[in-house]
Amino acid sequence: MTSNLAAITGIGSVSPYGPLAGLIPQCALEPEPITAWPTAGLRRAFLVKPFRPASVVPGLKTRRLDRLSAWALVASSLAIQDSGIDLSHVDRSRVAVVFGTGFGCAELTEAFFQSAAANGWSGTDPSPFPEGLANAPSSHVALWHGLRGPNITVGSAGFAGESAMIQATSLLRHGQADLAIVLAGDTLTRAVYEWYEAAGLLSPSCYKAEPLTEGGGFVPSEGVVALVLEPAGRRDVRAYAHFTSGRWAVDRKAVETIRQMLGSVVPSLTICAGNGAPCATSSTAVLAREISGPNTEIVPAQAVAAGLADAGAFLHLILALSSRPRSGLALLLGTSGDNGFAALLLELP
Amino acid sequence: MTFGRLPPVTDPRITDLRINDARKTIVVTGVGVVSPYGIGLDCLQAGMLSGKCCLTPTKDVYPGFEGSTAQVCGLSLPATGADPRYSRSDRLAMVAARDAVTNLDCESVAFRESGAFMASTVAGLSEIDPGIAEDPAAWYRRGGGLARAASYPPAHVADAVGDDLGIRGPRCAVSAACASSAMAIALAANILLDGAAPMMLAGGSDALCPFTLSGFSSLQALDPEPCRPFDQNRNGLNLGEGAAVLVLETLEAAVARNASVLAVLRGWAMTNDAFHTTAPQQQGNGLADCMRLAMEMAKVSGDQIGYVNAHGTGTPLNDVAEANAYESVFRGRTSPIPVSSTKSYFGHCLGAAGALEAAITIVAVRCGALLPTLRLTDPIVSPSVNWLRGDVRREMLPLAMSVSAGFGGSNTALIFGDGGFGNDRS
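So the protein sequences, as listed, match chains A and B. For the first sequence, the numbering used here gives the first residue as 1, with consecutive numbering after it. For the second sequence, the numbering used here gives the first residue as 1, with consecutive numbering after it.
Derived by calculation from the structure, the hints in this document are not laboratory data. Predicted model only: the values in this text are computed from it and were never measured. Hints are supplied without guarantee of correctness; some may be wrong.
As the list claims (entries may be wrong) - The following residues of chain A were derived to be distant from chain B, with all beta-carbon distances above 12 Å:
1) 21
2) 47
3) 58
4) 117
5) 139
6) 145
7) 235
8) 265
9) 266
10) 283
11) 327
As the list claims (entries may be wrong) - Okay, the calculated beta carbon distance ranges per label pair:
12) A:123 <-> B:232: 29 to 39 Å
13) B:141 <-> A:63: 31 to 41 Å
14) B:296 <-> A:265: 49 to 59 Å
15) A:35 <-> B:331: 20 to 30 Å
Glycine included, C-beta positions come from ideal geometry on N, C-alpha and C.
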């Protein structure tokens with residue numbers, strides 16, 4: 001038996017598929033050549049195409065913001081719109097924002113270092129400094145929507161999104177918020193991309209204008225996904241999924257923890273939400289087979305979400321929900337790529 | 001002065017604890033600290049009670065920078081600390097975490113399955129220099145750059161602590177600017193209530209580095225002299241460094257293993273101003289709401305709070321907003337609320353500040369020692385506040401509150417009590 005703790009009633013995303021409310025229409029997506037910085041030959045990634053945020057969310061002012069904060073504002077606005085919630089009728093001191101990110105505002109951190117390189121430490125540009133803090137995007141979401149509840153930014157190697165979902169549900173469960181906007185995302189910058197490359201983590205597909213190949217590394221990606229999370233059953237509205245429970249842990253303890261969470265429940269679906277290489281031999285896929293039942297459908301990781309560093313879980317989830325109608329219990333399984341695992345148990349209507 | 005020998009939780013005074021459900025009561029059973037006073041809570045406590053200020057000219061450590069800072073010196077590193085993958089923030093955190101678990105059975109299942117929620121605003125930024133800006137790939141190839149940059153994500157600090165101690169529960173970085181580590185403590189308490197881990201290590205760590213010195217300098221937020229929180233003539237903040245880690249568990253778990261309880265976390269709350277990305281809302285409404293929510297959770301009134309360890313940065317905007325918040329929350333008390341800012345002793349430790357100040361608040365509760373704000377000569381006028389200054393005040397405290405706020409409008413309040421486990425006023 002499972003009990004639903006919270007319902008996902010709204011989805012908004014800014015991803016390589018563009019800015020969207022709700023699920024993502026399925027279409028083939030190939031990596032794009034990187035042109036934002038000089039590269040030694042062809043380098044590809046899944047990139048968010050530039051767009052004008054105010055054309056998606058009328059009145060939104062993002063000129064002074066970095067892309068991560070701007071995307072968080074757009075994604076959260078689309079998710080709230082998708083949920084049908086009118087915030088003017090909500091006690092906004094009871095609305096939480098929880099944001100999961102691997103690198104935070106890396107663009108502005110790099111801009112601050114550039115300013116120090118150009119002018120010395122005594123001549124740095126003050127504007128990127130406070131905006132470069134990892135919690136700046138969640139603060140902007142609170143400011144734009146007037147949300148005065150808990151405002152939390154979390155990072156967990158490999159599963160920042162799952163961690164954000166667990167923390168947000170905990171706030172609802174303990175009466176510390178009535179509604180939560182839960183986000184996960186990262187931007188791709190030159191320093192991040194070249195770190196992946198120097199560490200030997202990139203897929204051969206990053207270097208060739210050919211269809212994606214499986215394994216041997218990953219193709220970096222970027223974007224932000226926002227979910228509206230509210231106590232299950234509070235409103236008679238469509239729910240994309242109900243959150244039942246979530247756990248995360250390290251090494252073999254993770255397997256025990258996930259088994260304890262599942263108890264006698266056998267998920268009908270296991271969605272591999274690992275970062276890194278989306279292949280059958282990835283640590284996520286191996287664990288998925290280990291803990292799933294014989295009749296469980298295992299949805300492999302999607303390359304566009306697997307490249308989204310620590311924050312790909314929500315994109316994995318909505319891609320799986322978008323691909324075809326599904327129902328039953330679903331396990332969203334994330335991994336840090338070495339020895340950490342996170343699992344969210346969801347009930348799909 | 002030390003905590004001395006702590007009474008076990010089977011002490012008859014447990015009956016004084018007006019807490020009914022041991023599963024829903026979060027207690028502190030370990031405190032680890034690395035501060036400019038040295039390693040350990042005793043060191044911090046002795047240094048602060050002696051009135052020693054650790055702020056020294058910044059240029060002595062970082063040539064070219066003006067003002068005052070407080071640095072951790074003579075740090076004894078864990079064996080893995082020399083590894084270039086670990087930043088100074090990682091190492092400070094690892095030392096504090098080891099200090100926090102000194103009295104724990106590190107082979108116990110509860111310990112092995114415990115989690116680590118750690119906050120840091122700097123994390124691995126201290127290991128990166130502006131050379132990365134020109135050509136990141138070339139920078140990674142030089143002098144271990146690739147390994148040093150791997151410590152950049154804030155989550156690295158929690159992983160460093162978890163790996164060093166061999167704990168396998170949930171790990172998480174918490175980022176809420178200067179409220180980060182207080183929030184890490186609050187979120188860890190939530191995780192314990194959820195039953196998702198048997199024990200949690202929660203706190204924060206931040207190293208001094210040119211990145212933050214330059215950033216706060218560019219914002220013109222640094223006082224060139226040692227800071228004067230809540231003074232009419234205050235002129236900004238000073239930066240410090242350090243780390244603090246609390247061991248949290250339910251009272252039920254602590255009783256089961258016959259642990260010594262240092263304090264009870266009676267209430268916690270988090271809010272956001274939703275006002276401005278860097279400036280606090282001037283009436284302090286968000287912070288006042290946060291304190292009220294924490295008091296509501298603890299089921300106590302303003303009269304029952306004996307002391308507030310303030311955020312008190314010394315910046316013109318923060319201190320006025322905070323004073324207004326205290327005025328709003330504690331107006332109507334039978335006597336003004338005693339408040340001090342201990343950032344006047346060793347500066348603002350950013351992501352570690354909330355946890356360090358939680359540790360100081362626990363000292364206040366356990367020892368009945370209310371530390372004054374240093375250099376406070378002409379306090380902000382606030383009739384409902386007793387700005388502590390001059391000598392250390394001795395007073396039995398059933399409850400004390402630690403308040404934190406940060407860029408982005410984040411606020412956190414933590415209420416600690418001795419829970420009837422006995423004060424140590426030796």
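Taking the hints in turn, this is what the structure says about them:
No Cβ of chain B comes within 12 Å of the Cβ of residue 21 of chain A; the nearest lies about 23 Å off, and the non-interface call holds. No Cβ of chain B comes within 12 Å of the Cβ of residue 47 of chain A; the nearest lies about 18 Å off, and the non-interface call holds. For residue 58 of chain A, the condition that its CB be more than 12 Å from all CB atoms of chain B holds, with the nearest at approximately 20 Å. Its closest Cβ contact with chain B, about 4 Å, brings residue 117 of chain A to no more than 12 Å, contrary to its assignment away from the interface.
Under the 12 Å C-beta cut-off, the non-interface status given to residue 139 of chain A relative to chain B is violated; the minimum distance is some 3 Å. For residue 145 of chain A, the shortest C-beta to C-beta distance to chain B comes to about 8 Å, within the 12 Å cut-off, and the non-interface label is violated. Non-interface status of residue 235 of chain A relative to chain B is upheld: no Cβ of that chain comes within 12 Å, the nearest being about 23 Å off. Its beta-carbon lying about 17 Å from the closest one in chain B, residue 265 of chain A satisfies the requirement of being farther than 12 Å from that chain.
Listed as outside the interface, residue 266 of chain A is consistent with that label: its C-beta sits roughly 22 Å from the nearest C-beta of chain B, beyond the 12 Å cut-off. For residue 283 of chain A, the shortest C-beta to C-beta distance to chain B comes to about 16 Å, beyond the 12 Å cut-off, and the non-interface label holds. Annotated as non-interface, residue 327 of chain A keeps its C-beta farther than 12 Å from every C-beta of chain B; the closest such distance is 27 Å. Range check, residue 123 of chain A to residue 232 of chain B: Cβ separation about 32 Å, and the 29 to 39 Å hint holds.
Distance hint check for residue 141 of chain B and residue 63 of chain A: the Cβ-Cβ separation is about 36 Å, which falls inside the suggested range of 31 to 41 Å. In this structure, residue 296 of chain B and residue 265 of chain A break the distance hint of 49 to 59 Å, their C-beta atoms being roughly 36 Å apart. Take residue 35 of chain A and residue 331 of chain B: their Cβ atoms lie about 59 Å apart, and the range 20 to 30 Å is violated.
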